[in-house]
Structure formats: C-alpha cells, structure tokens
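If you want the building blocks of each chain, they are given just below.
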Amino acid sequence: MEKSIETIWKEGFLKANAVVAPRLNDLYNQKSGHLVDKAMRMFRLNGIYIIGLAAFLLFISILSGVPVAGIVMVVLFLPHIIYGQRQLKAVKSIDKGVSSYQYLKSFDAWLKAAIAGYTKIYRFFYPLFILTLFFGYWFASPTQPITRKLTEKFPNAFYLVNGVPVYWLIAAVVLAILAAIFAGKIYQWDMNTIYGRVFKKLDEILADMEELRN
Amino acid sequence: MSILPYAGIIIKICRAYTSTQEDFEDYYQEVCLQIWRSRNNFRQQSEWSTWIYRLTLNVCLTLLKKKKNNHQYFASDYLPAEVTEDSQAFADESLNQLYDAIRQLSEVDRGVILLYLEEKSYQEIADIMGTNPNNIGVRINRIKERLKKLLNGKVN
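Going down the list, the sequences are from chains A and B. For the first sequence, our numbering gives the first residue as 1, with consecutive numbering after it. For the second sequence, our numbering gives the first residue as 1001, with consecutive numbering after it.
Chain A on its own, in the form it takes in the complex:
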C-alpha cells in the first residue's frame, strides 16, 4: 500500500542508523565556510593588505625622492581601512538566530550598504590614485633620466609648463575623470565576478520568501 509523505518521514527515521551524527573535528579551530564569517575574514585581511600596501608605497616614494606622493597614497588608503573596520563591526552584529527572512534581509542590506559605501570611496580613490601615480612617476628621482631623455627626443609630445608635461597631464585627468564616472561599474563588475551567483541566489530566496509573506 502506498504511504503518505508524512509516514515515510516518520517510519524512515525510526530505523536505527537514520540520524547518525558525523564526528565533530576540532571545532574550536574550524575555518568557517559561512558567508558572514567569510565577509569578516575578507574585511580583516583587506585591512591588513591595505596597511601593508600603503606602508610599501610610502617607503618606495621616500626612496624615490617623492615622499609627498607616498603621504598622499597613505591618506587615500585611510578611508578604506576605516570603512572596512566599520563594515566588520556591522557584519558581526548580524544575528543568525532570527527568522530566516529577517536574517537574509539583514545580510542583503549589509551587503548592499557595503557595496554602495565602497563605490563612493572608489569614486574618489581611482582618480586621485591615477593623478598621484602620474605626478609621483614624473617627479620621482629614479625616473628623471628616462623622462629627461623622452622630453629631449619628443619635445612636441612633452610640452612642459613648470616642468609638467601638459598633454600627458590632460590625458591623466581624462583617465581620472573616466575612472570616477565608471567607478561604480568597475567595482560592481569586480564584485559580480566573485559573488555574482551568491547575489543572484540571495535575491531568489528573498523573492520567494516575500511571496510567502504577502
């Protein structure tokens, strides 16, 4: 005789080995695969990388005789570090024990806020970084022999005003403006490459839950 779904469930789990729990291995040192924990690790590591990169660029700029460029780079990286720390606190506060809808909503809201925040930072970071690189490269002592040779060989291409190559400066400014305009798109593309499927899945689950709520 055919059984009901409920009977299959009940009878199936009455059998002796139906619910054998796997052995827990070294729970204390387990590396988590959970999204929130991954995000926390990502922000923590990101902060460390940025501090390391800023220190490295400052060191290189001092060696190259353009400490101002290095200091500007450090200042440019500061909002990243501060924002990353704030996001770390925010993601830590997401409670996994609330209802699934509330939990997914909180996570989704945090994710969207984090992306929006970083997009704003990158809108300023990309152009300023490009201009700092341009001036840093042009005035750095180790590159002086190259720039001197270039200006002598191609005087028309390097029309100098107060030692600054005007055409190249214009090109760098245009590039910086484009970077500022497309900062959001570039960051969105970057995030979608890594987390695109996760975003899509979260949206699908939330849409399904919302249908069930209304």
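Hints are not guaranteed to be accurate.
One-sided excerpt, in silico: chain B residues whose CB lies under 10 angstroms from chain A [claimed, not checked]:
hint, residue
1, Ala-1007
2, Ile-1011
3, Ser-1019
4, Gln-1097
5, Leu-1098
6, Gly-1130
7, Leu-1147
These are computed hints drawn from the structure, not numbers from a lab. Virtual Cβ for every residue (Gly too), placed ideally from N, Cα, C.
Following the hints, complete the assembly by docking chain B onto the known chain A.
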C-alpha cells in the same frame, strides 16, 4: 543548553541542503560551529529548539562551498535533477527517495516542508521562516503535490 538532543534535526536539515556525504559533514560541522559561536546571542525570547531550527536553516541557506574549480557557489547549484550521491544516506529506501525529491525543491520550500514534517504548527513555521502563517498551508499543499509528482505518484 546542549545541541545533542537536536543533532537529529540538524542532520535532517543539512541532508536536505547537500548532495554528497562530504558536503553534508561540512554543513553539519558549520552549523555546530555557528551554534557554538552564536550561543551568547540566544535571548530566551524563543525556545532553544526554535532557535536551533532557525540558525540551522539560516546557515544552510547562506552557506558557501568552495569547489575544486575555485568558484564559490551555493551547494544547491550543484544538485543534479535526478539522483544525488547521497541517495543511499538512510537505511530506508523510501526515505532516500523522499530526500532526493526534497532536494529538488527551492531553498525556501525545503525549509517549509522539513518543518512541516517535523510537525511544527503553521504559526511556528511562519515564525522560524519569518513569513505569514496564512500562506504556509497553501504552500505546503503545493509542495506536497510537487513531491508526489517527483516521486512518480508512489505516495498517497
């Protein structure tokens, strides 16, 4: 408060969101890890068991698995349409078939039907999922119809 009495429900839920023994063990460990890490957030506004159900479902819904090709996906993205490696996870053949069918449902529907089969009331299911209890009954009927189809009418 111990999770030992609730190991059964954690296993039942994790099995529904995974397709291999390896994934299942990873999910089980992850849920236990998250319960242990979040235990101080339990505020006794709900039953300990309800909190465990919520946390287990939430972890399963948002757990990422790193696969060999180094991309990150939800486990369910890997579920084939038919039989999974976990098709022999239980001693009872009918239960294995039922699980195979449950794995083909959407993430939300899996959560709803698991709670229903655990004899939770519509109100409790709605509380755990954060949805409207009025819609739960309709959804359960729809899920049961889908399961019957997936099981080729072998159930009544």
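Now the hints, each set against the structure:
no.: 1; hint: Ala-1007; in the structure: 4 angstroms, holds
no.: 2; hint: Ile-1011; in the structure: 5 angstroms, holds
no.: 3; hint: Ser-1019; in the structure: 15 angstroms, violated
no.: 4; hint: Gln-1097; in the structure: 8 angstroms, holds
no.: 5; hint: Leu-1098; in the structure: 5 angstroms, holds
no.: 6; hint: Gly-1130; in the structure: 3 angstroms, holds
no.: 7; hint: Leu-1147; in the structure: 6 angstroms, holds
When each numbered hint is compared with the structure, a violation occurs for hint 3 only.
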